[in-house]
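The listed protein sequences derive, respectively, from chains V and F.
Numbered per this note's numbering, the first sequence spans residues 1 to 120.
Numbered per this note's numbering, the second sequence spans residues 1 to 120.
Treat the hints as calculated values from the structure; they're not laboratory data.
Some hints here could point you the wrong way.
Since the list gives no way to pick out one identical chain from another, each pair is judged satisfied if it fits inside one copy or across any two copies.
To be verified - Taking lysine-lysine and the BS3-like style, the derived pairs with C-alpha atoms no more than 27 Å apart in a straight line are:
id	residue 1	residue 2
1	58	21
2	58	80
3	80	4
4	56	21
5	4	62
6	100	4
7	21	80
8	80	62
9	21	4
10	100	80
11	10	56
2 protein chains.
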Amino acid sequence: MMEKVNISEKFSLFNEYWSPKIVGEVNDTHVKLAKLKGEFDWHHHEHEDEMFLVIKGKLLLKLRDQDIWLEEGEFFIVPKGVEHLPVAEKEVHVLFIEPKTTLNTGNQITERTVQNLPTI
Amino acid sequence: MMEKVNISEKFSLFNEYWSPKIVGEVNDTHVKLAKLKGEFDWHHHEHEDEMFLVIKGKLLLKLRDQDIWLEEGEFFIVPKGVEHLPVAEKEVHVLFIEPKTTLNTGNQITERTVQNLPTI
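Make the full structure from the sequences, and use the hints.
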């Protein structure tokens with residue numbers, strides 16, 4: 001990919017929630033965008049750390065022992081093995097940095113699992 | 001690291017140019033911040049892709065065959081092996097995503113090489 005990426009522009013290309021899109025790769029790592037709204041499912045990633053960077057809106061990232069509120073320009077890296085639950089009262093735009101092996105629903109396959117992520 | 005990171009707050013902690021700071025790790029990948037001003041040196045990274053995300057200001061990323069202008073909220077991933085030259089007419093704040101093995105001056109060791117990056 002030899003083109004620059006404008007993050008807002010990419011977000012304007014889709015409307016589904018909880019459906020990550022790939023917008024870049026850096027060696028073994030993917031850069032993904034997703035729109036979140038509502039509550040996801042508790043899960044963890046056995047082997048992957050997962051970075052949530054809020055681009056727009058306000059995200060509540062619940063851990064079992066801690067509530068983390070992320071606003072625009074803030075990020076949190078959920079370490080591998082740590083259970084988490086993203087909650088978006090209103091629509092939130094998130095940029096993810098995570099290993100290419102990362103599945104959105106982590107340790108469980110549910111109806112919300114997205115297996116083959118599109119690149120946009 | 002179980003604390004969230006506010007990117008602007010981290011940028012307020014240092015003033016040097018061309019001196020990347022580590023602000024997070026995602027498996028084998030580092031998240032770094034740097035303030036850039038002026039012109040760097042042409043270099044490439046033999047094995048590492050390097051993502052430049054502009055947080056503040058406007059960055060000119062010169063490749064041998066292309067000039068890429070990056071504004072706030074835009075990123076470019078320089079593929080491994082591709083020569084590049086960052087140029088910042090005015091101060092620019094950049095977030096980098098790159099493998100932990102990445103050296104700022106790439107294939108050459110110069111007086112601008114930073115070997116042991118601090119975590120802030």
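_Within, between, both or neither: residue 80, residue 62 at alpha-carbon 27 Å_ = Classified as within; 15 Å inside a copy, 37 Å across copies.
*Give the relationship of residue 21 and residue 80 under a CA distance limit of 27 Å: within one copy only, between copies only, both, or neither.*
Close inside one copy (21 Å) and across copies (23 Å); limit 27 Å.
*Go through the copies and call it for residue 56 and residue 21: within, between, both or neither, with a Cα cutoff of 27 Å.*
both (16 Å within a copy, 25 Å between copies)
*What label fits residue 58 with residue 80 when the C-alpha limit is 27 Å: within, between, both, or neither?*
within (23 Å within a copy, 35 Å between copies)
*For residue 10 vs residue 56, is the C-alpha pair at or below 27 Å within one copy, between two copies, both, or neither?*
both (13 Å within a copy, 19 Å between copies)
_For residue 21 and residue 4, with the copy left unspecified, which applies at a CA distance of at most 27 Å: within, between, both, or neither?_
Both. Shortest intra-copy (16 Å) and inter-copy (24 Å) distances satisfy the 27 Å Cα cut-off.
*asked:* Please sort residue 80 with residue 4 into within, between, both or neither, judging by C-alpha distance up to 27 Å.
replied: Cα proximity of residue 80 and residue 4: across copies only (16 Å, versus 30 Å in one copy).
*Is it within, between, both or neither when you check residue 100 against residue 80 at 27 Å Cα-Cα?*
Both ways: residue 100 and residue 80 sit 14 Å apart in one copy and 17 Å across, limit 27 Å.
*With 27 Å as the alpha-carbon cut-off, assign the pair residue 58 and residue 21 to within, between, both or neither.*
both (20 Å within a copy, 26 Å between copies)
*Is it within, between, both, or neither for residue 100 and residue 4, if the alpha carbons may be no more than 27 Å apart?*
Both, since 20 Å and 23 Å are each at most 27 Å.
*At most 27 Å between C-alpha atoms: does residue 4 with residue 62 qualify within a copy, between copies, both, or neither?*
Answer is between: at 12 Å across copies they meet the 27 Å cutoff, but 33 Å inside does not.
Checked against the numbered hints given earlier, the structure satisfies every one of them.
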